[in-house]
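As given, the protein sequences belong to chains A and B, one line each in that order. Quick note on UniProt numbering: the first sequence kicks off at 1 and runs consecutively. Quick note on UniProt numbering: the second sequence kicks off at 1 and runs consecutively.
Treat the hints as calculated values from the structure; they're not laboratory data. Keep in mind that a hint or two might mislead.
[As the list claims (entries may be wrong)] Output of the computed footprint for chain A on chain B, the stretches with three or more beta carbons under 8 Å from beta carbons of chain A:
| # | stretch |
| --- | --- |
| 1 | 84 to 96 |
| 2 | 125 to 131 |
| 3 | 137 to 144 |
| 4 | 156 to 167 |
| 5 | 187 to 198 |
[Claimed, not checked] Pair by pair, the computed Cβ-Cβ distance ranges are:
| # | chain 1 | residue 1 | chain 2 | residue 2 | range |
| --- | --- | --- | --- | --- | --- |
| 6 | B | 117 | A | 199 | 46 to 56 Å |
| 7 | B | 115 | A | 116 | 45 to 55 Å |
| 8 | A | 212 | B | 18 | 43 to 53 Å |
| 9 | A | 71 | B | 6 | 46 to 56 Å |
| 10 | B | 182 | A | 199 | 25 to 35 Å |
| 11 | A | 213 | B | 31 | 52 to 62 Å |
| 12 | B | 13 | A | 24 | 53 to 63 Å |
| 13 | A | 31 | B | 27 | 34 to 44 Å |
| 14 | A | 97 | B | 31 | 31 to 41 Å |
| 15 | A | 126 | B | 24 | 33 to 43 Å |
All residues carry an ideal CB built from backbone N, CA and C; glycine is no exception.
2 protein chains.
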Amino acid sequence: MDSMDSMYDVLLQLPLFQGVSRAKISELIEKTKFHFLKYKSGEQIVSKGEECTHLKFLISGCVRSEMVNKSGKIRVSEVLCAPNVLSPNHLFGRNTNYPSDLYAVEETGIMQIDKQTFIRIMQDESIILINLLNIISRRSQKSVETFLALSSGNVKERLAFWVLCFTQRKSIDVRVICKQKDLYTFFGVQRSVFMNALNELKEDGIIDYSTREITILDREKLKAILTTDDDD
Amino acid sequence: MDSMDSMYDVLLQLPLFQGVSRAKISELIEKTKFHFLKYKSGEQIVSKGEECTHLKFLISGCVRSEMVNKSGKIRVSEVLCAPNVLSPNHLFGRNTNYPSDLYAVEETGIMQIDKQTFIRIMQDESIILINLLNIISRRSQKSVETFLALSSGNVKERLAFWVLCFTQRKSIDVRVICKQKDLYTFFGVQRSVFMNALNELKEDGIIDYSTREITILDREKLKAILTTDDDD
Numbered sequence: 001m002d003s004m005d006s007m008y009d010v011l012l013q014l015p016l017f018q019g020v021s022r023a024k025i026s027e028l029i030e031k032t033k034f035h036f037l038k039y040k041s042g043e044q045i046v047s048k049g050e051e052c053t054h055l056k057f058l059i060s061g062c063v064r065s066e067m068v069n070k071s072g073k074i075r076v077s078e079v080l081c082a083p084n085v086l087s088p089n090h091l092f093g094r095n096t097n098y099p100s101d102l103y104a105v106e107e108t109g110i111m112q113i114d115k116q117t118f119i120r121i122m123q124d125e126s127i128i129l130i131n132l133l134n135i136i137s138r139r140s141q142k143s144v145e146t147f148l149a150l151s152s153g154n155v156k157e158r159l160a161f162w163v164l165c166f167t168q169r170k171s172i173d174v175r176v177i178c179k180q181k182d183l184y185t186f187f188g189v190q191r192s193v194f195m196n197a198l199n200e201l202k203e204d205g206i207i208d209y210s211t212r213e214i215t216i217l218d219r220e221k222l223k224a225i226l227t228t229d230d231d232d
Numbered sequence: 001m002d003s004m005d006s007m008y009d010v011l012l013q014l015p016l017f018q019g020v021s022r023a024k025i026s027e028l029i030e031k032t033k034f035h036f037l038k039y040k041s042g043e044q045i046v047s048k049g050e051e052c053t054h055l056k057f058l059i060s061g062c063v064r065s066e067m068v069n070k071s072g073k074i075r076v077s078e079v080l081c082a083p084n085v086l087s088p089n090h091l092f093g094r095n096t097n098y099p100s101d102l103y104a105v106e107e108t109g110i111m112q113i114d115k116q117t118f119i120r121i122m123q124d125e126s127i128i129l130i131n132l133l134n135i136i137s138r139r140s141q142k143s144v145e146t147f148l149a150l151s152s153g154n155v156k157e158r159l160a161f162w163v164l165c166f167t168q169r170k171s172i173d174v175r176v177i178c179k180q181k182d183l184y185t186f187f188g189v190q191r192s193v194f195m196n197a198l199n200e201l202k203e204d205g206i207i208d209y210s211t212r213e214i215t216i217l218d219r220e221k222l223k224a225i226l227t228t229d230d231d232d
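Looking at chain A on its own, in the form it has when it is part of the complex (with noise of 0.2 Å):
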């Protein structure tokens, strides 16, 4: 009864299980196979290139997510904390291979369901499926998004679009990990204009870099350089 409880409880917190009746949940835990994996800090959770086979629960910990461009020059990386559900949007379409590294920030625990068995889930209770719809829609909007939210182009709203467009929602320490003189020349402008725009956004407190990263410290406030932006 005890397990019961804190499985309820459990399901409960994710985003994916949220308007799910008790009775419901109870129903889920009864009828379906959760399996439930352990890492420790430090330990690989996915490797890039991996298919997609589960959808993955994070349900304990923190997972440092770790995408690197072709070039191998630029590195994005991002930290999801629990509970959160790891890249739900590489269950379905073409590619269906995780695009990142996952690693085990701190002791993690993840919970996953096989596909075959989500899409039944997703069957029988409509407010799952609406909520994984709901999840997976609302990063497919994120591009089309920032673009309307574009006004100037200038370094920094060039800066944030980019990296919203590869971060989740609700990831923190974001790092882009990279020589200050690939990531100036990948923007394609001057070294003086891009230390410009680096420091007026420390200065903010948006950011934080070293001359060979740039720490996001806030992601909330770097949209908003997209958004509230008042020029013409």
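Assemble chain B onto chain A, guided by the hints.
This is chain B only, laid out in the frame that chain A set:
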């Protein structure tokens, strides 16, 4: 019987109904209220900001979609032809308003199903549910994939990245409508650098351009810039 057959053909053409059996489609046709709408060439189908309450299928003709950024200086426009589905990723998610204006380019037919009915259809038939999840997931994967494919970040790559982020896989006649000056300012490069990139893309048959707009002649070729560039 005849109209039943043609209805069957129409539904089978749509990516969302791929793989669904004839028997299941017959059952759907009987049980579901489909709404059919006809538009004349030039007529507006959807206004930007309008609430997305129905899933709209493009069953005949072509539709132009037009988005404009906040400053009003940059417009991105594309044409989608039947069979297709319009903004399936805006029926759910935080933002359920259409991000763009949609106009009929020629005599155009739309079939629509309201959201509640469509949810019921997905619960009833897993193939349709999986088809929708595939379509939306595919869109949400786009920005991450284009990031992974970036190598040098030269102007051609950045233009490709940028256009691919906002346009659909099967769209034709993609246009970026913008003064050249606003565009090279936006990309943060000098006029000469920008014009060189445009000229190279034009020579390769990927785009054409005038002082007021860039036309993407071949979206697939534009994509190849990101995925086949073999620098380091």
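Structure-based check of each hint:
A count of 7 residues in the stretch 84 to 96 of chain B with a Cβ less than 8 Å from any Cβ of chain A is obtained; the coverage claim is therefore met, three being the minimum. Check on the stretch 125 to 131 of chain B: 3 of its residues sit with their Cβ under 8 Å from a Cβ of chain A, so the three-residue criterion for coverage holds. Here's how the stretch 137 to 144 of chain B fares: 8 of its residues keep a CB closer than 8 Å to some CB of chain A, so the rule of at least three is met and the hint holds. Counting residues of the stretch 156 to 167 of chain B whose beta-carbon sits less than 8 Å from any beta-carbon of chain A gives 3, enough to reach three: the coverage restraint holds.
Under a criterion of three residues with beta carbons nearer than 8 Å to beta carbons of chain A, the stated coverage of the stretch 187 to 198 of chain B is upheld, 4 such residues being counted. Distance hint for residue 117 of chain B and residue 199 of chain A: a CB-CB separation of about 54 Å, consistent with the stated range 46 to 56 Å. A C-beta distance of roughly 26 Å is found between residue 115 of chain B and residue 116 of chain A, which places it outside the suggested range of 45 to 55 Å. Checked against the hint of 43 to 53 Å, the C-beta distance between residue 212 of chain A and residue 18 of chain B comes to roughly 47 Å, which is consistent with it.
Taken as a hint, the range 46 to 56 Å holds for the pair residue 71 of chain A and residue 6 of chain B, whose Cβ atoms sit roughly 52 Å apart. Between residue 182 of chain B and residue 199 of chain A the beta carbons are some 26 Å apart, a value that agrees with the proposed interval 25 to 35 Å. Remark: the range hint 52 to 62 Å for residue 213 of chain A to residue 31 of chain B is upheld by a beta-carbon distance near 56 Å. For the pair residue 13 of chain B and residue 24 of chain A, the supplied restraint of 53 to 63 Å is violated, since their beta-carbon distance comes to about 37 Å.
Restraint check, residue 31 of chain A to residue 27 of chain B: a C-beta distance of roughly 27 Å breaks the suggested window 34 to 44 Å. As the Cβ distance of residue 97 of chain A to residue 31 of chain B is approximately 37 Å, the hint placing it in 31 to 41 Å holds. Judged by the Cβ atoms, the range 33 to 43 Å given for residue 126 of chain A and residue 24 of chain B is violated: they are separated by roughly 19 Å.
When the structure is compared with the earlier hints, violations turn up for hints 7, 12, 13 and 15 and for no others.
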